[in-house]
Structure formats: C-alpha cells, structure tokens
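Undergrad: Sequence lines, in order, name chains A and B.
Under our numbering, the residues of the first sequence are numbered 2 to 398, in order.
Under our numbering, the residues of the second sequence are numbered 42 to 760, in order.
Any given hint might turn out to be false.
Here are the simulated SDA-like cross-link-like pairs (lysine to any residue), alpha carbons at most 20 Å apart as the crow flies [unchecked claim]:
#  : chain 1 : residue 1 : chain 2 : residue 2
1  : A       : Lys-128   : B       : Thr-309
2  : A       : Lys-180   : B       : His-692
3  : A       : Lys-92    : B       : Asn-744
4  : A       : Lys-92    : B       : Asp-308
5  : B       : Lys-242   : B       : Glu-209
6  : B       : Lys-405   : A       : Glu-133
7  : A       : Lys-92    : B       : Gln-737
8  : B       : Lys-405   : A       : Glu-25
9  : B       : Lys-749   : A       : Glu-25
10 : B       : Lys-405   : A       : Arg-179
11 : B       : Lys-405   : A       : Asp-329
12 : A       : Lys-128   : B       : Glu-304
13 : A       : Lys-373   : A       : Asp-329
14 : A       : Lys-92    : B       : His-692
15 : A       : Lys-92    : B       : Tyr-739
16 : A       : Lys-92    : B       : Thr-309
17 : B       : Lys-405   : A       : Tyr-205
18 : A       : Lys-92    : B       : Phe-294
19 : A       : Lys-180   : B       : Asp-404
20 : A       : Lys-128   : B       : Gln-373
21 : A       : Lys-128   : B       : Asp-308
These aren't lab readings, by the way, just hints derived from the structure by calculation.
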Amino acid sequence: MRTLACGLLSLSVAVSLTSCREDEIVVPSEYELLPMEIRKEADFADNEPIGMYLLNEGNMGSNKASIDYVDFCNAYYIRSVYTERNPNVIKELGDVGNDIQIYGSKLYAVINCSHKVEVMDVRTCVKLAQIEIPNCRYIRFSRGKAYVSAYVGPVSIDPNAQLGAVYEVDTASLQVTRKVTVGYQPDELEIMGEYIYVANSGGYRVPNYDYTVSVVERYGMKQVQKIPVMINLHRIRKDNYGKLWVSSRGDYENVPSCLCLLQRKDEFSTDMLVTDTLPIPCSEMTIVGDSMYYYSVSWNNQTEDNNISYGILNVQTKQIVTDHFITDGTEHEIRIPYGIAVNPYNSDIFVTDAKNYVSSGVLHCYDRNGKKRWSVRTGDIPAHMVFVYKDNAKIYK
Amino acid sequence: MTHSLLSANIQMCSRSGLLYSKPLLCVFFVFLFAHAGAFSARAQEIQPVPDTPAAQQAQAQAQADSVARHFNLDEVEVVAKSLEKDIIIPQKLDGEVLEQMNALSVADAIRYFAGVQLKDYGGVGGIKTINIRSMGTNHMGVYYNGIQLSNAQNGQVDLGKYSLENIEEISLYNGQKSDIFQSAREFGSAGSIYFTTRRPKFKEGEHFHIKAQMRAGSFALVNPSLLLDVRLTEKMSFSANAELISSSGKYPFRYRRVTPSGELAYDTTAIRQNGDINAFRFEASLNHYYSNTGFWKAHLYHYNSERGVPGAIVNNVWRNGERLWDRNSFAQATWQDEFFGWWSVKSCFKYANDYTRYINNDDKLIHVENQYLQQEVYFTVANKFQATRWLDFSLAYDLQWNGLSMYMDVSRFTHWLSAAAAVNVKDYLRIQASVLGTFVNEEARERDEAPNKHKFTPGIFLSYRPTKLADLRINAFYKQSYRYPTFNDLYYTDMGNAYLRPELAKQRDVGIAYNLPFRISGINGSQWSLTADYYYNRVQDKIIAYPKGQQFRWTMLNLGMVKINGVDVTTALTLVMPHEVTLTAKVQYTWQTAIDVTDPSDTYYMHQIPYIPWHSGSAIVMLQWKRYALNYSFIYVGERYNQQENIIYNHTQPWYTHDLSLSGQWTLNAKKIKAGTHRTPLILKAAIDVNNLLAQDYDVILNYPMPKRNYKCTVSIAY
Chain A
2 MRTLACGLLS
12 LSVAVSLTSC
22 REDEIVVPSE
32 YELLPMEIRK
42 EADFADNEPI
52 GMYLLNEGNM
62 GSNKASIDYV
72 DFCNAYYIRS
82 VYTERNPNVI
92 KELGDVGNDI
102 QIYGSKLYAV
112 INCSHKVEVM
122 DVRTCVKLAQ
132 IEIPNCRYIR
142 FSRGKAYVSA
152 YVGPVSIDPN
162 AQLGAVYEVD
172 TASLQVTRKV
182 TVGYQPDELE
192 IMGEYIYVAN
202 SGGYRVPNYD
212 YTVSVVERYG
222 MKQVQKIPVM
232 INLHRIRKDN
242 YGKLWVSSRG
252 DYENVPSCLC
262 LLQRKDEFST
272 DMLVTDTLPI
282 PCSEMTIVGD
292 SMYYYSVSWN
302 NQTEDNNISY
312 GILNVQTKQI
322 VTDHFITDGT
332 EHEIRIPYGI
342 AVNPYNSDIF
352 VTDAKNYVSS
362 GVLHCYDRNG
372 KKRWSVRTGD
382 IPAHMVFVYK
392 DNAKIYK
Chain B
42 MTHSLLSANI
52 QMCSRSGLLY
62 SKPLLCVFFV
72 FLFAHAGAFS
82 ARAQEIQPVP
92 DTPAAQQAQA
102 QAQADSVARH
112 FNLDEVEVVA
122 KSLEKDIIIP
132 QKLDGEVLEQ
142 MNALSVADAI
152 RYFAGVQLKD
162 YGGVGGIKTI
172 NIRSMGTNHM
182 GVYYNGIQLS
192 NAQNGQVDLG
202 KYSLENIEEI
212 SLYNGQKSDI
222 FQSAREFGSA
232 GSIYFTTRRP
242 KFKEGEHFHI
252 KAQMRAGSFA
262 LVNPSLLLDV
272 RLTEKMSFSA
282 NAELISSSGK
292 YPFRYRRVTP
302 SGELAYDTTA
312 IRQNGDINAF
322 RFEASLNHYY
332 SNTGFWKAHL
342 YHYNSERGVP
352 GAIVNNVWRN
362 GERLWDRNSF
372 AQATWQDEFF
382 GWWSVKSCFK
392 YANDYTRYIN
402 NDDKLIHVEN
412 QYLQQEVYFT
422 VANKFQATRW
432 LDFSLAYDLQ
442 WNGLSMYMDV
452 SRFTHWLSAA
462 AAVNVKDYLR
472 IQASVLGTFV
482 NEEARERDEA
492 PNKHKFTPGI
502 FLSYRPTKLA
512 DLRINAFYKQ
522 SYRYPTFNDL
532 YYTDMGNAYL
542 RPELAKQRDV
552 GIAYNLPFRI
562 SGINGSQWSL
572 TADYYYNRVQ
582 DKIIAYPKGQ
592 QFRWTMLNLG
602 MVKINGVDVT
612 TALTLVMPHE
622 VTLTAKVQYT
632 WQTAIDVTDP
642 SDTYYMHQIP
652 YIPWHSGSAI
662 VMLQWKRYAL
672 NYSFIYVGER
682 YNQQENIIYN
692 HTQPWYTHDL
702 SLSGQWTLNA
712 KKIKAGTHRT
722 PLILKAAIDV
732 NNLLAQDYDV
742 ILNYPMPKRN
752 YKCTVSIAY
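Please work from the sequences and hints to get the whole structure.
TA: Printed below as a string of structure tokens:
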C-alpha cells in the first residue's frame, strides 16, 4: 500500500508541475530602448525620417507577418506594433508580408498569402481598410493610384499558363479600379512617366522562366510591350537618370544571378532596352542619390556556405565603389541578409538578417562609414523597410 | 506471481456461473497482466494470442478443456521450453481497452503512450505522424504485422490512414523489440511501434464468424465495416475485412483572443473547409498453422482515398483548394518454423505500391499538380539458434528496393545484416546484444549521384531481477541508430543535397518495472504496476533545412544537434470488486527536455525544440459492470513552442481533452447457448462516444485548429 501511496504522491506532484490553459492573449508588443539620442520631433528636418516601419514576412503558413517600428525620436524599437494598435483584427496581420510602402498619410502592407493589401494610418498604424488582391506581391504609387503586382491574374483556360496581373487601386476610395494581365509571376514594378514596368519572374514555371519586363501604359491600363531582359527577374528600380535597374535571379544552377540596366533607345524614344548587364548577383538593392546599396549572396557547393558581399555601385559610372560597405568586420554577424534600406538624410544603413527563416531576425544599423551603431531583434524574416517623415504627404507624392 | 490475483478472478467468474456469456469481464481483466508473459496464452476467444506456435498449442489445449481447467496456470507454464529472454516490456494497448477507445485511426490510440508526441493536423483526414522521445518522426519504425511500413520519399508514415478497426494490439518499444528473433531491419529504428491485426479464432465446431458494424458521428462521419472469418480447415483460416470512411470534415473551430488588459480582442467561430475524406480499405489474410511449430500467413492490404487538405488557417484565408488522392496497396507473406528443436527460421516478403496525386485548385494560387509512385520490394530471412537453455543467437539478412517515379526517377537498394545474442542467467539477469550493418546503394537516374552509405550500429539491452520474491526488474539499454536521408532530402528540386550523411541517434535508458498484486478487504483482486524510465538521447548530424544563397532558398545539411533528457512513468491499477464491478486505471506521465545545441551563436541555442512539451501525460479509467463499460480518457500536452526560439511569439498553450464513452453488449441468443443448441453467441454491441467533452479550442500544430466537442455512435452485430 505504501508504494501505491508513493505512486499517487509522485503523480500528484507531476500534475501540479504542469499548468493549465489560460486565456490566449493577442500577439503582444515589446518595447526596446535603442542606443540613440532622444530628440524632439520638431527638431527633425522635413526630409529627415522620424521613424521606420519594418515588415517581417513570417514563414508561410505561420501567420506571423508583423510590423515593427523604429522610433528615431524616442529611440526605441516596437516589436509587433500592428497587433498592439489593431488587437481586434481576427488572426492579426496575416501570412507572409511581401512589401510595405507609404503614400500620402497611409501605410500599405502587401500580405501575399493573405491575399490582401492592408491599409493603415501612417502615424498610428491603425487599420483603415483592406484591399483584396489574390497573391499580391509588390506595390508602387503614382498620381493618386496604387499599382499592385499579383502572381495570379484572371483565371485562364490553360491552368498551366496562369499569367500574372497588375491591379490599379484608387488611394482615396481604396477600391480596385482596373487590372491588366502581364507576364508570368510578376514581382517588382516601377512607374516612370506614363508607363509601369513590371519584372516578370515565371518562378513557378521552372525551367521555362519568364525573361521579360512588361511595359503597361498607365492611362489605358494596357500592356504595350514586353522587353526581353534575362530569366527569372525580381527587382526593378529607377534611378535619377531615367534608367531602370533590373535584377535577375538566374536559375540557381548554370545561369548566374545578375543585374541588368535598361535605358531609353535614344533621347526621343520612350522605348527601353537592355544596354548593360553587370555580373553582380544582387539580391536586394536601394538607390539613394547616385549610390546603389546592394548585397549579394551566392551558395558555394564545395564549402556548403554562402558567399556574401555588401556593395555600393555608382549608378552613373556603373562602377563598384566598394564591395564591403560594412567596414568594422561585423558583417559576419549576419547569416542571411534579407533587406536593405538607407536613411536618405544621414546615410545610416539598415540591413536585416533573416537567419534561418524560422526564427526571429535581427535589424542592424550602420553609420555612413559602415560602423555598426546597434542591432535589435525583430520578428521572423525581417525584410521590407520604409521611412516615416513628419509630413509624409510632402515626401511621398 | 499473479497466482493469488488470478484465483480471485477465477472465483469471481465461477461465481457468476456464466463465464461464456461474460467473457468480456475476464478477458478485460487478463489484458492488464499481459506483462506476466504466458498469462495471455490463457485467453479466450476475444483475447489476442501471441503468434508463437507454443502459445497456439497451449490455447488449443486450453479450449478443449473444461472451464475450470482452462484457468490452470501450471499447465500453461509447462509449454515454455527455454527461459524467457524478453527484456524490455513494451507499452501495449490491446483487447478491451483498445476496443473501448472507439477511435477511428491508430493515431488516436497512440496518444496514450508515454514518451510519444503526435503531430495532428486535425480532423479525420488530417495528417497524423508520431515522434518518439523527441528524436524525430524519421527515427520511428512502424510495423504492420511485423513488416515495416515505409515511405522512402519523405520517411514519414501518416498514421491517420491506418484504421483501428482491424487492429488487435498496438505495442510500442523504445530502442527495439527485445526479442532477437526478428528481421535485421527491426534492429535499425530508434523506436518501434507494432500493429497486429486481428486473427480469427474459432471454438470447437465453429466454421465462420461475421461482424457488421456501423459508426456515425459528427461532421457527417459515416463508417461502415464488414468482417468475415472462415475456418477453411482445422489449421487454416481466412479473414477479410472491408471498411468505408466518409466525413465532410466540416467542424466548427473557434479563435478567441483577449488583450493584455483582459478585454476581448476578437472571438470568431468558423467552419473548417476542405477537410472532407472518402476512404475505402480492404484487407484479406490467410493463416495456416500447419504444425506445432510452423505457420505461414499471407496478407493483402488496399487503401484508396480522396481527401481535401484543409490547410493552415491564416488571416483572410478560411479555405484552401488542395486535394490529395492516395492509393496504398501491399501484399506480404510470412513463414516461420522450427527445426531440430534449436533452429528457428522466419522469412517474409513484401511488395508495396503507393500512388499519390496532389493538386492545388485554389484560384488565388498557382495551379500545381504532382503525381508520385513509390514501389517497394522487401525480403527478409531471420534465424535463431538456441545454443543452450540460457543462450540464443540470431542472424538475419534483409533486402529492400525502393523506387520513386513519376515526379522524380530515383531508387535505392538497402541491405541489412544483423547478428544478435540473448542470455538469461538463471532468470536474474537477461542480456541482449545486437549489431546491425546497413548498406545503402543509391541509384539516382536523373540527377546527381548520391554516394552509397554503410553503417554499423550496436545495441545492448539488460534486465536484472534482484529477487524472485518481488516482480521487480531493473532495465537498461544503450543503442545507436541511423536515419537515412530520404529521396526528398537527397534529390528534391533545388533543395535536396545528394551528399547528406545519415543522421545518428544515440540512446541511453535506465528504468524499473514493478508489479504488485495485493489484497484489500472487500475487494476480490487487485494489481498495481509501475514502470519508470530515465533516458538521455543525443541526435547528431541532424538533417535540417539550411538557408542557401539568395531569397528564400534552402538546402539540406547535416547540421543539427539535439540533446534529450526525459522521464517516462506509467502506472496501472486494477481492482476487481464484488457485484461484477471492475475498475481499471492507467496513467502515464512524461517529462522531457529536448534542447538544440547546434551552434552557440543561434538565438535558439539551448532552447527546447519545436512542439516538444516539457510535461505531457494521459489517463484512462475504465469502469465495468456486468456487460456495460464506461471509459474516460484524458490527455494533457503542456506548454511548448511552435518554433525553435522559446519566446513569447512562439509560445503555444497547453491543451487537454476529456473523452467519454459508454458501451454495452448483449448476447441475443444467450438462452440457446445455455440450452446448448447454439455454440456461437450472437452479440450486439452499442457505444456512444463524446470526444473533447469540454469543447476546448486548441491547435496541436499552429494554425491547424482541432475539432470542438464531437460525438460518435457505434452499433455492431457479431456472430
């Protein structure tokens, strides 16, 4: 009987060690102090960012897309600000954040696997509306309209040839107004003058990747041209000289990733064509003035490791200024760079580290000389950043 | 050791004077003491019988005897020729307990084992995989009638597909089955689970049995099944079993969140979509026990299903468009015999053909359609030599060919060679030692060639019984095992890495097992048993997905390392009370830490790995009165994290469910049997089940909500 009593006793101890289920709390926010000087908002110049939103993608199926905020005035970092400001949104921000941008006084987050563009107030991050766009990828703005690329266009007869689309959204009514079919699985887009340029990837059609940039005439919302560039296109950015920089991911095996330059055929033509191809395996880039900050990652099968470089390219001369803009040796702390942003006012460089994609990442801040200023833990897969100004309407037109 | 208790049971049964009409009670009592080795050979019609010819003989003889002699313990013990060499007692679910669970798939039953974590994506059609002692699903061997079920493509067996309908016994072994007379491959898993299908049993003069069952329940569950057993000759029998499962999978689930200040943030209830399933299963077997020592069996299995893949519930997505078709068929045969009294030989053959078709029909996503065909051919021959009464040797050789086609065209040959010895020193000390050589020949026909692999793995198992006065044993084992990279690990588009090495698991375990029959005044018989194990496992060269190159690309690398410390405790109590009341309780508890020690620079270094709770446990309490049974089961899975980092954003709350079932059985022709005009009873059974009684809203896997309270109703008639 004694053994029985002992058994029951040990069992009850075991049970008391375990705990019960509690009310589930909506994803909490966390505030962390950053080693920065605290300044009044009024002391910031009009063109100096007062903060930065960071969109964490979250791994597919985890529903862990989240928005963090770097407050340059009060010198703190808010993790998961979206859920703090919008606790009533069912199942939070969503699954796989793919882009975040500001236009006027609104903040737009493209949530790929939740098939929506979340629209928030830029100062409070409070939700205003959501725009339903299936499989949406990237967003850009022009003259009161938002243009969103989407992997899935109208249902086609041949299910194996699903073309992508660009949706036009009115930024006042926040309704989809028009859409146009483009190439296969379009990624980034850029608007220059009367035209929208869309980088088509065709990433789901391995090995028959798309290799074109679709040119959409904005007024009629019609695809007018497809410029052959390189397979599996991803990024497309304009510089101050009317040129377009397009990145190709290659096929991850024989065709290396590279950077292509599109320019007008001649002074009088609006036709763009590829004028140069630089062997830079650029994964992400940001253009500030004449400098294109980029990082490149390539996998080495022999060493089973990634070769990573952080460079600056002069977009006017097409010369690489440096291939290691992080100068203090701290780049080894970064496992997989996944996002880059440069503060246009003070040239602080922000690089995010996605680590292994299934754990929280890190946001690193470097000064203009490439010395690390601080690092902070982010959500899962920190990727996309956008700066906030005192008067956003003045900056983002 | 259980004599006193046994006699109590006999007295009780005799007093009732209706032993045959109430086999339930006795049988149920017997199941608990399956530990006592030969005891189970005493079982009657419903009780499972070990597949040894000796036990066969014992049973045949027992059946011919009178009721009184039937329970004569001494007579059964005589048949044991050599000393018992089993070492580690498996965790077992069988007989009445398994029947009372009324579960649909074997996965639902496995949840009650200690040290096991089940991944359940919810609903009838949701994928259910098992992980033992945190070593990972791929380290687990799942055996169906003694032959492993395998999936060379991803190494994981979806236990949700295997119905409990035709299963008579489930046993779980840590390390390996502690019987050296087994195929070489069985020495290779870190943990093994054995499903044994029902075997037809006939009383004198019976020629066939037939059973029809209908089950219906929540979410439009319809599950009819039919069973036929035919006695072809004195020693040969045939059995066939067919089953249909259909469910809409439309269950309500609820997400409710509050703000840190306690206000309601949101509370939403929705219906799970695209979780429907239509499945058909057919099994047939032929058994021939041609002599006292030899038998052969053949088994045919066919399963065909179409199901929706309900997918993760994320913001703005309440339905998915993925569909899955599965067709699993296999044929297997086993032959076993003993020659010269010292040489036993067993041989098995299997051919399996598994076809899968997957499509993604969601118009918001890119259309995907994939088809896979996996084939397997397996052959084994195992020999056991009884050198002396206390020493056995075994030698076994297995050969397997696995091929995957349609999606990718790859194949491999695997050879296993094992040698083992078992020693029994005067019943005080039992030792088993084994060594297994595994040789894998990879034959990729499309992509880059993967190198061949060969590994040797030892295992040693000890059991010490300090005194014959008490049924107390101290067990210990050390074992190494490898998990070989799957076809997906090696060749999957872009992600696969042909140069992967096998993943190594090292297990160390020490434990006790104690059985105590005792007497309390006013109670006819009682028995208490306790097992406790402490284990320390290390998984190294763990195959993990590693980020590669640009933009969300992965490769598989041998990078991970996990250290696992755990304690499993199981205890069972049976009280046989007056007025035909029996109370049985089984409780198990597991404490486990499984920490990631891959790289100190990781943010999750020394954190508990995903989905492993620190505390988990279960309890089953069964109360039987005459022909009625009330079964209560409880499962607890403590807090855990859904990703590698143990931070608040990955925290997952504990979940626990209460299930209740009430059943009764009636012999419709009881009078005729009493009068002697009928031999075979016509038994009607009915059961009502309530699962998740308190309607807890929980996820086992993040964003895969589980059903709230649900009901099942079963009616069967057996002749």
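Undergrad: Now tell me if each hint is right for this structure.
TA: Going through the hints against the structure:
no. : hint                    : in the structure
1   : A:Lys-128 <-> B:Thr-309 : holds, 19 Å
2   : A:Lys-180 <-> B:His-692 : violated, 41 Å
3   : A:Lys-92 <-> B:Asn-744  : holds, 10 Å
4   : A:Lys-92 <-> B:Asp-308  : holds, 10 Å
5   : B:Lys-242 <-> B:Glu-209 : holds, 12 Å
6   : B:Lys-405 <-> A:Glu-133 : holds, 11 Å
7   : A:Lys-92 <-> B:Gln-737  : holds, 18 Å
8   : B:Lys-405 <-> A:Glu-25  : violated, 31 Å
9   : B:Lys-749 <-> A:Glu-25  : holds, 17 Å
10  : B:Lys-405 <-> A:Arg-179 : holds, 18 Å
11  : B:Lys-405 <-> A:Asp-329 : violated, 46 Å
12  : A:Lys-128 <-> B:Glu-304 : holds, 19 Å
13  : A:Lys-373 <-> A:Asp-329 : holds, 7 Å
14  : A:Lys-92 <-> B:His-692  : holds, 16 Å
15  : A:Lys-92 <-> B:Tyr-739  : holds, 15 Å
16  : A:Lys-92 <-> B:Thr-309  : holds, 10 Å
17  : B:Lys-405 <-> A:Tyr-205 : holds, 14 Å
18  : A:Lys-92 <-> B:Phe-294  : holds, 13 Å
19  : A:Lys-180 <-> B:Asp-404 : holds, 17 Å
20  : A:Lys-128 <-> B:Gln-373 : violated, 61 Å
21  : A:Lys-128 <-> B:Asp-308 : holds, 18 Å
Violated hints for the displayed structure, listed by number in ascending order: 2, 8, 11 and 20.
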